Amino acid sequence: MSTGQLIGLDQILLILVAGLWAASAGVAVAALRGSARNLAAIAAALIAGAIVMTALRGLTTAGLAAAGWWFAAEKITLAMPLVVVPGLATAAVTLPALIRFWRHGSPLEPARTMPVVIAAIGAVAGVACDLVISYPVTVSAAIVVLLAAGGASALAWRVLSGRTGDRWRVAGTAVVLLAASWAISGSWSGSAFHAGHGASATGVSVASLVGAPTPSARKFTLIAKPATLKLPSGRTFEAWTFNGQSPGPTLRVKQGEHVELTLRNELPGQAVTIHWHGYDVPSGEDGVPGVTQDAVLPGGSHVYRFQAADPGTYWYHSHQNSSLAVAKGLYGLLIVDPAPGDHTLALHTYGGLTMSLDDQPPSDMLVKTAIPPGSPVRLRVVDTNSLPVELGLTGVPYRLAAVDGTDVPGATDLNGNRLRLAAGGRYDLTFTMPTGPVYLDVEGHPGLLINGEAPPKPASGPLVDITAYGAGTPVPTEFDQEITWVLDRTLAMVDGRPALAYTVNGKGFPNIPTPLVKQGQKILIRVVNRSSDTHPMHPHGHHVQVLSRNGVPANGIWMDTFDVQPGEVWEVALTADNPGVWMSHCHDLAHAVQGMEFHLAYEGVTSPFGLGGNAGNHPA
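Position one of the sequence shown corresponds to residue 1 (full-length UniProt numbering), numbered consecutively onward.
It is worth saying that the hints were derived from the structure and are not from the lab. Quick caveat: nothing in here was measured; it's all calculated off a predicted structure. By construction, the Cβ of each residue, glycine as well, lies at the ideal position given by its N, Cα and C atoms. You may find that some hints are simply not true.
[What the hints assert, rightly or not] When the alpha-carbon atoms are kept at most 25 Å apart in a straight line, the in silico DSS-like pairs for lysine-lysine are as follows:
(1) 368 / 522
(2) 230 / 457
(3) 254 / 219
(4) 225 / 328
(5) 368 / 254
[Stated by the list, open to error] Ranges of calculated distance between the beta carbons of each label pair, as one might list FRET restraints:
(6) 453 / 608: 55 to 63 Å
(7) 463 / 375: 39 to 47 Å
(8) 513 / 207: 19 to 27 Å
(9) 65 / 513: 23 to 31 Å
(10) 221 / 483: 32 to 40 Å
(11) 351 / 513: 47 to 55 Å
(12) 256 / 608: 46 to 54 Å
(13) 604 / 299: 30 to 38 Å
(14) 341 / 226: 33 to 41 Å
(15) 463 / 26: 30 to 38 Å
Use the sequences and the hints to build the structure in full.
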């Protein structure tokens with residue numbers, strides 16, 4: 001069983017354990033108060049079931065601990081002891097008393113039922129652990145859970161023993177202590193957004209890390225404005241566009257050319273920026289509001305400058321309120337060093353999945369095109385959505401020539417294999433056009449058909465392991481620093497409000513601490529996914545080399561957006577060669593806006609920008 005499956009099974013058992021212990025306690029207390037022997041039998045059966053489910057959860061906890069301490073820390077240190085210890089007492093004290101009462105009518109004393117009540121409280125506290133505690137387990141978070149469990153147990157004892165006169169004083173004291181520990185909990189308070197890149201008299205401002213004006217630069221203009229678009233099926237939708245189209249114009253430049261792009265905003269009531277997804281531009285050109293610039297307000301403009309040093313397939317999108325802006329259409333493609341046989345294919349969801357082939361309007365129906373047999377083809381596929389897509393190519397052997405803009409060394413022929421493309425990721429598929437039809441199927445869309453009338457059967461081969469494909473690339477073996485990002489979904493503060501958030505190391509944006517790196521350092525980044533969701537992680541300003549996945553050495557492939565599925569542990573290497581303040585986030589943008597965005601900063605680099613303000617800076 002995979003770690004992801006164990007996580008899912010453990011969550012099911014968590015609810016079953018809490019439900020059975022709570023039911024056991026309720027029926028046992030009812031049997032005590034009503035002297036009902038039949039209820040005693042039911043309570044005994046429920047306790048037996050609760051003990052079995054608790055033992056099974058112990059096994060899943062052991063399995064998760066074997067996969068890594070990150071997956072089981074709060075379970076072993078808090079959740080399991082809170083239910084196992086009183087559970088053992090229940091088996092030794094409460095269960096025999098219930099059986100005697102059922103069989104012989106022996107009096108059931110209040111003290112005999114207390115262990116099962118405490119076990120129920122502990123089981124519910126285990127649910128609380130799952131909601132409020134991630135990794136690492138902090139003392140303050142543990143205090144919150146222990147105070148809640150202890151206060152509830154004290155109140156339950158007073159009620160069972162009939163000493164109820166001061167129960168509200170006991171409950172009030174527990175609530176006050178709980179609130180105090182809640183307030184000082186590191187998971188809920190304090191802002192880390194400016195850590196390492198606040199104002200400084202000696203620091204280098206990110207605003208100075210920009211491209212220089214160049215007379216020979218290729219000049220582009222993008223105008224953000226609303227438009228009503230119509231799909232081939234007849235469905236219309238209100239979009240946010242660049243130059244009246246979505247996707248926006250594909251920007252094609254040659255390697256080495258300088259780019260100068262003017263962004264103008266004609267969107268009523270909505271600020272915009274442009275982030276160059278996957279392109280390692282200077283930090284001041286990265287287009288993240290509140291970090292590298294202020295968002296461009298309606299009627300305003302901003303100029304971006306950088307040199308197109310790296311060839312490949314990339315894309316651009318607004319990073320202001322990105323979860324909304326990208327979904328509504330503020331994106332386009334960037335192709336550096338286009339080659340003969342180039343074709344672009346942007347995948348995007350406007351209510352349903354669409355394809356945009358070679359700058360054509362998006363289509364929600366089968367897309368057809370013609371390519372002369374014998375022609376070289378390089379199909380640049382871009383997933384601009386927040387979810388991964390699975391695709392397959394049939395009718396010709398093909399190669400996965402590039403991933404996220406970087407060529408794959410030793411790419412080999414694939415025949416009917418399927419590919420999983422991360423949200424925000426790009427694949428370049430190359431082949432020579434045969435005499436027969438070629439069909440690209442994409443889940444949720446009728447697909448792309450080249451030289452044919454009716455699509456053939458979709459590819460049904462095995463899924464390509466992207467971390468094992470190709471000849472491999474040498475990777476660093478020594479590192480100056482290690483950073484661990486544990487991804488989870490727990491209660492945390494996001495934008496000043498408590499929420500069920502997507503968290504990093506137990507915190508939500510903007511409270512996630514910012515690691516500091518020095519220029520030239522080799523950084524090992526470990527990404528651990530404790531949650532039940534897939535997280536396509538996207539560090540800005542850098543490509544990373546994949547070192548391993550789940551402990552299995554990888555091929556050193558270069559990526560800028562990598563899918564970390566539930567239970568997975570990825571290790572990647574980052575070379576600190578692009579000074580600045582850089583956002584990193586989950587490119588499922590719904591997860592980013594719910595807390596899973598954070599930063600990496602170079603020592604000595606500061607930012608004059610901040611969240612909110614006159615521009616209403618909000619990157620997610």
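Here is how each hint holds up against the structure:
{"no.": "1", "hint": "368 / 522", "verdict": "violated (46 Å)"}
{"no.": "2", "hint": "230 / 457", "verdict": "violated (29 Å)"}
{"no.": "3", "hint": "254 / 219", "verdict": "holds (13 Å)"}
{"no.": "4", "hint": "225 / 328", "verdict": "holds (11 Å)"}
{"no.": "5", "hint": "368 / 254", "verdict": "violated (28 Å)"}
{"no.": "6", "hint": "453 / 608: 55 to 63 Å", "verdict": "holds (59 Å)"}
{"no.": "7", "hint": "463 / 375: 39 to 47 Å", "verdict": "violated (28 Å)"}
{"no.": "8", "hint": "513 / 207: 19 to 27 Å", "verdict": "holds (23 Å)"}
{"no.": "9", "hint": "65 / 513: 23 to 31 Å", "verdict": "holds (25 Å)"}
{"no.": "10", "hint": "221 / 483: 32 to 40 Å", "verdict": "holds (39 Å)"}
{"no.": "11", "hint": "351 / 513: 47 to 55 Å", "verdict": "violated (38 Å)"}
{"no.": "12", "hint": "256 / 608: 46 to 54 Å", "verdict": "violated (31 Å)"}
{"no.": "13", "hint": "604 / 299: 30 to 38 Å", "verdict": "holds (35 Å)"}
{"no.": "14", "hint": "341 / 226: 33 to 41 Å", "verdict": "holds (35 Å)"}
{"no.": "15", "hint": "463 / 26: 30 to 38 Å", "verdict": "violated (47 Å)"}
Checked against the numbered hints above, the structure violates hints 1, 2, 5, 7, 11, 12, 15; every other hint is satisfied.
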